[in-house]
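Engineer: Chain by chain, the residues run as shown.
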Amino acid sequence: MNEMTLEVSGLTVCYPTEKGAIFPVKDVSLKVPAGSIVGIVGESGCGKSMTARAVMGLLRSPGKVTAGKVFLCGREITALPEKERRKLRGNEMSMIFQEPMTSLNPVMKVGKQVEEAIRLHTDCSREEAKRRTLELFREVEIPEAETRLSCYPHQLSGGLRQRVMIAMAMVCRPRLLIADEPTTALDVTVEAQILKLLEHLRDAGTSVLMISHNLGVIARVCDEVYVMYAGRVVEQASTERLFEQPLHPYSRGLFRSVRSLREGCETLETIPGVVPNLLRLPQGCSFSLRCPECGEKCEKTMPELLETEPGHAVRCFRAEGGEE
Amino acid sequence: MSGYLLEARNVTKLFPAAGKKKVHAVSDVSLQIREGETLGLVGESGCGKSTLGRLLIRLLAPTSGEVRFRGENITALKDSDFRRIRKEMQLVFQDPYASLDPRMTVRDLVAEPIETWRLCGSREEVTDRVRELLRAVNVPEEFLYRYPHQFSGGQRQRIGIARAIAADPSFIVCDEPVSALDVSVQNQILNLLRDLKTSRKLTYLFISHDLSVVRYLADRVCIMFLGKICEIGDTEEIYTRPRHPYTRFLLDAVPVPDPSVRGKEIRLLKGEPPSPADPPTGCRFRTRCPRATEKCAASEPELRYIGGVQAACYYAEEGPA
Amino acid sequence: MLKAKRKQVEQAADLRLQSQIGEQERFRDQLRRMARENKTAVVSFFVIVILMLAAILAPLLTPYEENEMDLLHRLQPPSAEHLLGTDEGGRDVLTRLLFGARVSLLIGVAPALLSLILGALLGAAAGYRGGMTDTVIMRIADVTLAFPSMLLAMVIMYSLGGGIFNVFLTLTLVNWANVARIVRSQTLKLRSDEFVEAARVTGVPDRTILRRHILPNCLPTLLVLFTLNIPAAILTESSLSFLGLGIQPPNASWGLMINTGRQYLYNAPWLCFAPGAAIMLIVLSFNFLGNGLLDVLDPRMKKQ
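Chains as they are written, first to last, in my numbering: chain W, 1071 to 1394; chain Z, 10 to 330; chain U, 787 to 1090.
Okay, chain W solo, but in the shape it has when bound (with noise of 0.2 Å):
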């Protein structure tokens, strides 16, 4: 139960500019135990995709990850050679993408994609390969799975297409499957079956790395969460006990943030402010500037992430000791 599917430890990621160089992520730690769903929230530009993507070893150039380890089962593989990881990818680990249009080939039918994708992975027959794509067409739900394999993705809806991206990450059994902001794009309707199947996954032996922005999806599925800020783990704890208590004052925010469907209200909390431009990081922590209990030792140093009990770590100077 205990083993770690995949560890990411003091991960950096550096992206040279004309202004000088950003972390999109930096010094970012995190695990996902085996058969479970552990969720990175934030908003854009607090680097949860960039942290996905390093794992993946899929930055784009010119990012480089320039410290940090990530093992996945145990194997550390940010030093591995290039083609050793191009294995890896979609054997032990695979990603699902916000927009699952831009991932798929638009004149090529699915069933194909699919059928290429378990050929590339496994040596067996055509026909062989045929009958596995559409046992996991059957497997991922998607309806009437004879038909849909020979349609092209822009004949199929948002989340049909979204379901054809996971059944092509699952042609492996992969141990961890990334999926980055995987219902963002979708309806509601269809938000609640993508995310049902994320848990079929999970119950199936795939631990699921999920980033999203929005903590509804975060209550629904994970078990644990990892709140980013500005490039930084600000805050980790399992979901109960982030949602009961939140520490950090940006969790503290977003929560306050969130709307009810069940009343309405005057005015809405807000956190004042931009999302912050990391060329223009302020000196000490990244939140001190929408910070409502900023202080004078909060504009000059950066805090550490320390646990405040078991299970439990914020990054502000406020919280350590675990009192506001």
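Because the hints were derived from the structure by calculation, they are not lab data.
Honestly, I wouldn't trust all of these hints.
To be verified - With a Cα cut of at most 27 Å, we get these calculated BS3-like pairs of lysine-lysine:
| hint | chain 1 | residue 1 | chain 2 | residue 2 |
| --- | --- | --- | --- | --- |
| 1 | U | 975 | Z | 29 |
| 2 | U | 975 | Z | 96 |
| 3 | W | 1139 | W | 1101 |
| 4 | Z | 29 | W | 1179 |
| 5 | W | 1089 | U | 975 |
| 6 | Z | 31 | U | 825 |
| 7 | U | 975 | Z | 30 |
Stated by the list, open to error - Partial selection, computed: residues in chain W whose CB lies under 10 Å from chain Z:
| hint | residue |
| --- | --- |
| 8 | 1148 |
| 9 | 1150 |
| 10 | 1152 |
| 11 | 1228 |
| 12 | 1266 |
| 13 | 1286 |
| 14 | 1287 |
| 15 | 1332 |
We treat Cβ as the ideally placed atom computed from N, Cα and C, and that holds for glycine.
Start from chain W and add chains Z and U according to the hints.
Structural biologist: Leaving out everything else, chains Z and U in the frame of chain W:
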């Protein structure tokens, strides 16, 4: 005769599709918006809510039916006669990145409506008015001569809103104004829209797929499915006691940020959404509806009053299936 | 109480926001940035300026007359007296090159600009208006494009007769259709962009939308087309001159010089090389400058 600010009567919009098919983006929709109220328009992608919004402010012409503004049929007006009404109706766009001309400064962007309607005399007066508007939407005046790409999404949306209110319109269609923004910024914009509504006596049509956004802003809400209204009425009433099965599914599907409800099984909608080019006979929701009967396939239910709200379902009185 | 505090925090955050927004570059700064980052563009700019000055000041720069014959010194190779040698009539090649620059630069720039303006206006109108306007303009453009351009130019020149004004007219009529077609497709794309729709909701009249939103956003494309049309015009003119339909001898243009020099390519190659190099230089310079401007002037190309 009618005391409504805006009224749609049997509005239908067909788009030509591949082959000789026609896509029914909006079919036979009638609704009324009172002065000073906010009507929320909710539905999933492809249900025709954006098209309906554009039909109401005559950015698109309906295939049949008419739209009335202050009792006047604006569908029948000539372009030249419509111009005086154009000023009254504005649109706030979904994507603040695409809806601002990248080559214009903030000042010129906000000044455009003022200059178009010749609301101010000299250049200085225009600039002063732009400053005033920027203050109203909380964009610091120092940024008058910056370009849109230098701003974050939320700031850009504020500039878009400043443009929309610049000519003092009475009716604004907000087309998913926050769905492209970060969570922490969304509420800032929603609060701003709400404040502006009271301070400038605006009437909104608020289009969104996000039920919680509509919950906050709308006095009445209209749920659409595949170009048709399923249910329309008081927001409070519909959110607490949805009549139409589709509304129930929508409300149930919204992920609630509360891990304690996780154990509870949520009801999932079955099957795939039907194609708008080839809608099912009878009720359009029946292929996915758990209570559909032969009656639903045979004829289409009309909107009818059930305790203060209107719903288009034969079994609206009967509670969840 | 709590609300007042929140307001305070919000204001403070707004103030700090200023540190978060990029610096505004003024036009002068943009040019300065180009000068710093793109040396090729700067060199190109100076090459163009020098060539233009040389063309204007031609009589002051050379001791010879444009058409001064000296039959005793025909086809002389480059020497201290004649830096680029002499041609079949004993005329100084450098002198003719300088005078030829007047014609060639004018012929390169003026019709390229005219066809650009004509093509952009017609193309934008066709794309934005659609319907009948579109059909009529684009059918005419299609016919123009379907004709071999050289043949078309010859027909027009033949019926109008030689002379520099007619060359302008011809080159404009030959080149506008291409510009129109490209601008039309850009306009079609821009017309469905949200910011154009936003202008329509605002009630901005169509003509203003074209002028203020559509054409400025076509500018990068137009700039590239301009730099490509200049060499095309220079080359077309030289072909016309060769056929006796363009600039009439004894006046010099670079194209004409190449074509007359061609007969002596083996014994006097400098006759072709000098104007050929000049054409290449000016064409490349315009291209480099165009690219450099494109990089800095388009606000979307700038990275945050």
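Engineer: Against this structure, judge whether each hint is valid.
Structural biologist: Here is what the structure says about each hint:
The suggested pairing of residue 975 of chain U with residue 29 of chain Z holds, with an alpha-carbon distance near 25 Å, which does not exceed 27 Å. Restraint check for residue 975 of chain U and residue 96 of chain Z: the C-alpha separation of about 26 Å stays at or below 27 Å, so the hint holds. At roughly 12 Å between alpha-carbon atoms, residue 1139 of chain W and residue 1101 of chain W fall within 27 Å of each other, so this suggested pair holds. Between the alpha carbons of residue 29 of chain Z and residue 1179 of chain W the distance comes to roughly 24 Å, so the proposed pair stays at or under 27 Å and holds.
Restraint check for residue 1089 of chain W and residue 975 of chain U: the C-alpha separation of about 33 Å exceeds 27 Å, so the hint is violated. Restraint check: the Cα-Cα separation between residue 31 of chain Z and residue 825 of chain U comes to about 57 Å, which exceeds 27 Å; the hinted pair is violated. Between residue 975 of chain U and residue 30 of chain Z the CA atoms are separated by roughly 25 Å; this keeps the pair inside 27 Å, and the hint holds. Of the supplied interface hints, the one on residue 1148 of chain W is violated, with its beta-carbon coming no nearer than about 30 Å to a beta-carbon of chain Z, more than 10 Å.
For residue 1150 of chain W, the suggested interface contact is broken, since its CB lies about 35 Å from the closest CB of chain Z, more than 10 Å. With its C-beta approaching chain Z no nearer than about 34 Å, residue 1152 of chain W sits outside the 10 Å limit, and its interface hint is violated. Restraint check, residue 1228 of chain W versus chain Z: the minimum CB separation of about 7 Å is within 10 Å; hint holds. Interface restraint check for residue 1266 of chain W: the shortest CB-CB distance to chain Z comes to about 6 Å, inside 10 Å, so the restraint holds.
The criterion of a C-beta within 10 Å of any C-beta in chain Z is met by residue 1286 of chain W, whose closest approach is roughly 3 Å, and the hint holds. Satisfaction of the interface hint for residue 1287 of chain W is found here, the shortest Cβ-Cβ separation to chain Z being roughly 5 Å, below the 10 Å cut-off. Taking 10 Å as the C-beta cut-off, the interface hint given for residue 1332 of chain W holds, the closest approach to chain Z being about 8 Å.
In summary, the numbered hints that this structure violates are 5, 6, 8, 9 and 10.
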